[in-house]
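Participant: One letter stands for each residue in the lines below.
There are 4 protein chains.
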Amino acid sequence: MSKTKVAVVGYGVIGQRLADGAALQDDMEVVGVVDVTPTLSIRAMLDGSSPYPIYVFKDSQADAFREEGIKVHGNLNDILAKADIVLDATPAGIGAKNKEIYKSKGKKAIFQGGEKNDVADVFFHGYANYEKGVSKDYLKLTSCNTTGFIRAVDCIDKAVGVDRVVITIIRRVADPGDTHRGIIDLAMVEKVPNHQVKDLMLIMPHIEATGALVHVPTTHGHIITIFLTPKKKLSVSDAVSLFEAHPRIKVVEIAKGFNSNSAMFRYARDKGNKRADMYEIALFKETVVTQRDDLFFTINVPQEAVVTPETIDAIRASLPLQTDQREALTLTNKYLGMGERF
Amino acid sequence: MSKTKVAVVGYGVIGQRLADGAALQDDMEVVGVVDVTPTLSIRAMLDGSSPYPIYVFKDSQADAFREEGIKVHGNLNDILAKADIVLDATPAGIGAKNKEIYKSKGKKAIFQGGEKNDVADVFFHGYANYEKGVSKDYLKLTSCNTTGFIRAVDCIDKAVGVDRVVITIIRRVADPGDTHRGIIDLAMVEKVPNHQVKDLMLIMPHIEATGALVHVPTTHGHIITIFLTPKKKLSVSDAVSLFEAHPRIKVVEIAKGFNSNSAMFRYARDKGNKRADMYEIALFKETVVTQRDDLFFTINVPQEAVVTPETIDAIRASLPLQTDQREALTLTNKYLGMGERF
Amino acid sequence: MSKTKVAVVGYGVIGQRLADGAALQDDMEVVGVVDVTPTLSIRAMLDGSSPYPIYVFKDSQADAFREEGIKVHGNLNDILAKADIVLDATPAGIGAKNKEIYKSKGKKAIFQGGEKNDVADVFFHGYANYEKGVSKDYLKLTSCNTTGFIRAVDCIDKAVGVDRVVITIIRRVADPGDTHRGIIDLAMVEKVPNHQVKDLMLIMPHIEATGALVHVPTTHGHIITIFLTPKKKLSVSDAVSLFEAHPRIKVVEIAKGFNSNSAMFRYARDKGNKRADMYEIALFKETVVTQRDDLFFTINVPQEAVVTPETIDAIRASLPLQTDQREALTLTNKYLGMGERF
Amino acid sequence: MSKTKVAVVGYGVIGQRLADGAALQDDMEVVGVVDVTPTLSIRAMLDGSSPYPIYVFKDSQADAFREEGIKVHGNLNDILAKADIVLDATPAGIGAKNKEIYKSKGKKAIFQGGEKNDVADVFFHGYANYEKGVSKDYLKLTSCNTTGFIRAVDCIDKAVGVDRVVITIIRRVADPGDTHRGIIDLAMVEKVPNHQVKDLMLIMPHIEATGALVHVPTTHGHIITIFLTPKKKLSVSDAVSLFEAHPRIKVVEIAKGFNSNSAMFRYARDKGNKRADMYEIALFKETVVTQRDDLFFTINVPQEAVVTPETIDAIRASLPLQTDQREALTLTNKYLGMGERF
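Taken in sequence, the protein lines are chains H, C, G and Z.
Using this note's numbering, the letters of the first sequence map in sequence onto residues 10 to 351.
Using this note's numbering, the letters of the second sequence map in sequence onto residues 10 to 351.
Using this note's numbering, the letters of the third sequence map in sequence onto residues 10 to 351.
Using this note's numbering, the letters of the fourth sequence map in sequence onto residues 10 to 351.
In short, the hints are calculated from the structure, not lab data.
Treat each hint with caution, since some may be false.
Pairs count within a copy or across copies, as identical chains cannot be separated in the list.
[Stated by the list, open to error] Below are the DSS-like pairs computed for lysine-lysine, each with C-alpha atoms no more than 27 Å apart in a straight line:
(1) Lys200 with Lys259
(2) Lys125 with Lys12
(3) Lys207 with Lys242
(4) Lys280 with Lys259
(5) Lys125 with Lys200
(6) Lys67 with Lys265
(7) Lys167 with Lys241
(8) Lys294 with Lys343
(9) Lys12 with Lys283
(10) Lys200 with Lys265
(11) Lys12 with Lys108
(12) Lys80 with Lys265
(13) Lys141 with Lys265
(14) Lys343 with Lys280
(15) Lys167 with Lys240
(16) Lys80 with Lys259
(17) Lys283 with Lys259
The whole structure should be built from the sequences, with the hints applied where relevant.
Facilitator: Written as structure tokens, this is what we have:
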């Protein structure tokens, strides 16, 4: 069977992880990555063990690479000619412009959460609405926070139905190494509701959602508290069992040292995960409680890698490689090391 | 009328603010402050405009002060002989030991939230249970977080009743200048429920409460989201009106720059408040929403000064200066500059 | 004697402090402050005890103030008509544009360090080159870091001459409350040499200077290490004595709790200084050492208020109010509470 | 040839890296690691690809491991019986107690920088004094900062001699994930001189050293500025060439994005290094300048992994595996991926 040829446009924080995620799929291969300048991430890739072929967006950008002794394999048109589908991980707003090019070349594309919704035919989440993405040309993923908490909400929703949620996002404001943004000694409050809970309602229109967003000066993953009214009352142990059965949720115990966003990051480092990345959200076991018929719990969303699985799902839906959600996600999970399960 | 004589034991972050708060009351005077070593705060007080007489705990501690040229007025026994009541703001656990001394001298005392509940006859909050503190010898204040969110919960409770709350505390982990504690680039999660919501249920036993606590690396005040089920449905504007009428709640607008814990701190600095302190909690107007019959909103609790008003209330209750809550709190508020109102 | 009439254009972090600094001078008065929108600082000023008259830059900006119930006294032309001199504390680059207006109205002006040097006739520091600023129409102050370390270098220079310096600046990257910039969990290195040491050489051309600049995620003042080759060898105690005699340098002891930028901030809060500001740089006594003939020491520069004294000096030089440096600075120091001394 | 059997006692931040470093040496094998409780790092090791056999310190500690389903291979005595040498990476002070046990069993041991100097026969640095460690039973490594800057100072010293240094350390105060220490929004100053420059003088007694230490709230590596008087004047390009030739120094360019401690960390993550670790210190090319006959430059020391190479060197010296420094270090460097060179 020939492999699906994936091009990654934009090799930043997200793009490099999408490339690695696609390369891990037995039924996919990465034909190359596109960037506009030889960034730190490009240099690191070249100094690492298995670099992808590098393409520039425009030919005029090739010189800066060549001056560094970096081989350039062509421009955007060249890579599009080789690809079945594009993962666009360019900065917010650029994807919409790129779409016109992809369209003119007849290529399908998956966009990230920074783009506006109208860039795509479907606003997509692998678990929550896979079927809507099947055979569609342009899918847009939910952003990292939303991708993360929808996993947990959908997990309960699939089991007993969810009526409403109230979510407080404690958001890391920059990625490790970022110098272009950040706040110091400050927790910044946003208007309620935020785009993340609105996005949840777009993906899961049967659920009422509201909540707060507070930006805090950390780099290692969002912490999110979720208050959720299930359609059928769940005990704490039932809820924990549901979460433990989910391949993209890792239930962890504060008592065992998993007490923070950064403990998860340290665990991933010490375990030897590439880039210290986690695909799973973490769910802190000791934070799961019920109040009357409602459920309350706290999760950690690793902002850099969390969207990779759902982006791979999107490739499967769009082409489509699988029309059946269970079949598709089981493959994604298997190849990303989260077990051959749904 | 003779003034009530107040002794402050422990001149740290809290103690110095309690002293200033008591000194601002027309019907109270600070007879002195007790500390064990010439700290930065002691030095700052002496370099400032109106220092309080300094006492040591034990005579042997006086030399360290005298070597710095600081006059010592006596020891704990000496100041107790002059005082009607003690505000104990010593580090957690010390207050319980000091209580035996206060008791042996027949002095009433007010303890802070770091002590265990059994140090006191009553666990006290000026607004939520003033009447329970009247004429009691030993009162313990709620801690800063609990003091802050009880104000908001009690505000709604007094108006329409409150059935239950779900609270997420985003907790600053150190005060400005602290070097003995802190976390960096990390948001640490605690077991649910935390002591703060348990404390709320001790003070307001008719309300069911749960919630999360996340420690974040900031120094300027806690941010807290509150989901609250009122006994009678409230519109957003009704809720905002109730909050605006409360003398110890300052309703602020994100759109006007009040967008964070630190914006409140900067406002207090620029306004010229001593130590850039705020007695009021801030309530972010654009975060007040309803979901069905429930209310959701976000507040900021300035951890250093927030307990001052309720501590002054406690003096009034304990002696008692006023047996009527409304009368007592109106005076506290007036002298602290929050308006002559309840 | 009639007072010198000072207008402050730009009421941000620096502008509000310059206004207060000028208002504290017995021989000056602040005729008003100019801003373009009702910021948090404007609101705080109005809620405080002694607000200055507010002017807008352009009439069209007045509505936003009036909607908040804030009285507007006129526009830039109106205030210039009343002023003898302007303190321009607008964002970097705006001052250069404003200069044309000041010039057209025949008004002298003092610019801050964010402007380019060519905005002014003289690049000015009260202690290092007062005489150059006398009677000049347009002076530009050194930036906060440079203002601070020049005080210390000049202090030694005046005593025994300074041959060269090597300076490492550990720079706070934002002011308390800033949300528009910041880095998190990162120490960012700049090319050597930085503009600050170049600026020192412009002000003190007889000294050779180089050094590093590292941005760190703090808000409360820069920490700077200085290696200095004096023309005549100094003992540690001689050097400390020189620093202690300087009215704008506060020699502090780590052993007494003055162990950081934030300890200085806390001291100023606890002392009751408005906005917790310090005009003095702090010099950490236990960091003063000699190596062979060289001197090494560490200072703290409070970035928000440190330029106020030298800006007041600049008013005195420009008009001139005093042609003699000693006479001028003695007055500035006296009115700012640093003692009637030079 | 049989491999040298290495036991690692203490599997924390340092211990796990030493174990991996030893395991990478073709002529060494790790017979096991000792810890007292199933920490996050132990769990991560077991969840990773190649766990080491786990031993407990005392038998009574085995239950806690077994309850988690973790196989325990024995106690300290058991592992010592199998080992040729011990790498002790226990918390500061514990190593001294452990030494008595190692001694009673006739085992050589290498201690880390947290122990007091008298724990060892020699205070050791692979490059600066390898010969002193040859055949000695107990070696103590320099701490992370000192290990890092001695590399750079020794590099110049070996080429032209070094007369003196003045060093400013901007120290990260916690490792990623640490919750037991940290400062927030604060840069804390230590007395001059600090232990690090004293340690340099112990290792390199022919060099005069002083300098400052400032703690800052970051987790990703120390930034250090070094002013150095060489015995023979060096041009910037000569100095850069010397640094570039050093296998444990990576010369990087700010202009290429290597602008901070965290940029180095991000580079290592993106490159795919295990735990995002770097063995090399980074030297920022654009910070290398001369002033008269002196050299000034800035380095980054990755605190977690930097001592690994010199610790491996210590094994080679102590046993000894190689009596010749060049031969020993060339092997260490080769096996750790820094090139087969000295």
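Participant: Are the hints correct? Go through all of them and say.
Facilitator: For each hint, the structure was consulted:
Proximity of Lys200 and Lys259 under a CA criterion of 27 Å is satisfied inter-copy only: 17 Å between copies versus 31 Å inside one chain copy. In this assembly of identical chains, Lys125 and Lys12 lie within 27 Å of each other by CA distance neither inside one copy nor across copies; the values are 30 Å within and 58 Å between. Taking identical chains as interchangeable, the C-alpha atoms of Lys207 and Lys242 lie at most 27 Å apart whether they share a chain (25 Å) or sit on different chains (23 Å). Within a single copy, Lys280 and Lys259 get their C-alpha atoms as close as 15 Å, and across copies as close as 26 Å, so both meet the 27 Å cut-off.
Taking CA atoms no more than 27 Å apart as the test, Lys125 paired with Lys200 passes inside one copy only; the shortest distance there is 19 Å, against 38 Å between copies. Within a single copy, Lys67 and Lys265 get their C-alpha atoms only as close as 51 Å, which misses the 27 Å cut-off; across copies the closest is 21 Å, which meets it. Taking the closest pair of Cα atoms, Lys167 and Lys241 come within 27 Å of each other only inside a single copy of the chain (12 Å); across copies the shortest separation is 33 Å, beyond that limit. In this homomeric assembly, Lys294 and Lys343 come within 27 Å of each other (Cα to Cα) only inside a single copy, at 25 Å, whereas the closest approach across copies is 44 Å.
For the homomeric pair Lys12 and Lys283, the shortest alpha-carbon distance inside one copy (24 Å) is at most 27 Å, but the shortest distance between copies (29 Å) is not. Taking identical chains as interchangeable, the C-alpha atoms of Lys200 and Lys265 lie at most 27 Å apart only when they sit on different chains, with a minimum of 12 Å there against 36 Å within one chain. Taking the closest pair of Cα atoms, Lys12 and Lys108 come within 27 Å of each other only inside a single copy of the chain (23 Å); across copies the shortest separation is 58 Å, beyond that limit. Only between protomers do Lys80 and Lys265 lie at most 27 Å apart by alpha-carbon distance; the minimum there is 17 Å, versus 47 Å within a single protomer.
Taking identical chains as interchangeable, the C-alpha atoms of Lys141 and Lys265 are never at most 27 Å apart, the minima being 40 Å within one chain and 41 Å between chains. When the C-alpha separation of Lys343 and Lys280 is checked against a cutoff of 27 Å, the pair qualifies both within a copy, at 19 Å, and between copies, at 24 Å. For the homomeric pair Lys167 and Lys240, the shortest alpha-carbon distance inside one copy (11 Å) is at most 27 Å, but the shortest distance between copies (32 Å) is not. Taking CA atoms no more than 27 Å apart as the test, Lys80 paired with Lys259 passes between copies only; the shortest distance there is 23 Å, against 40 Å inside one copy.
Taking the shortest Cα distances, Lys283 and Lys259 sit within 27 Å of each other both inside one copy (18 Å) and across copies (22 Å).
Consistency note: the structure conflicts with the earlier hints numbered 2, 13.
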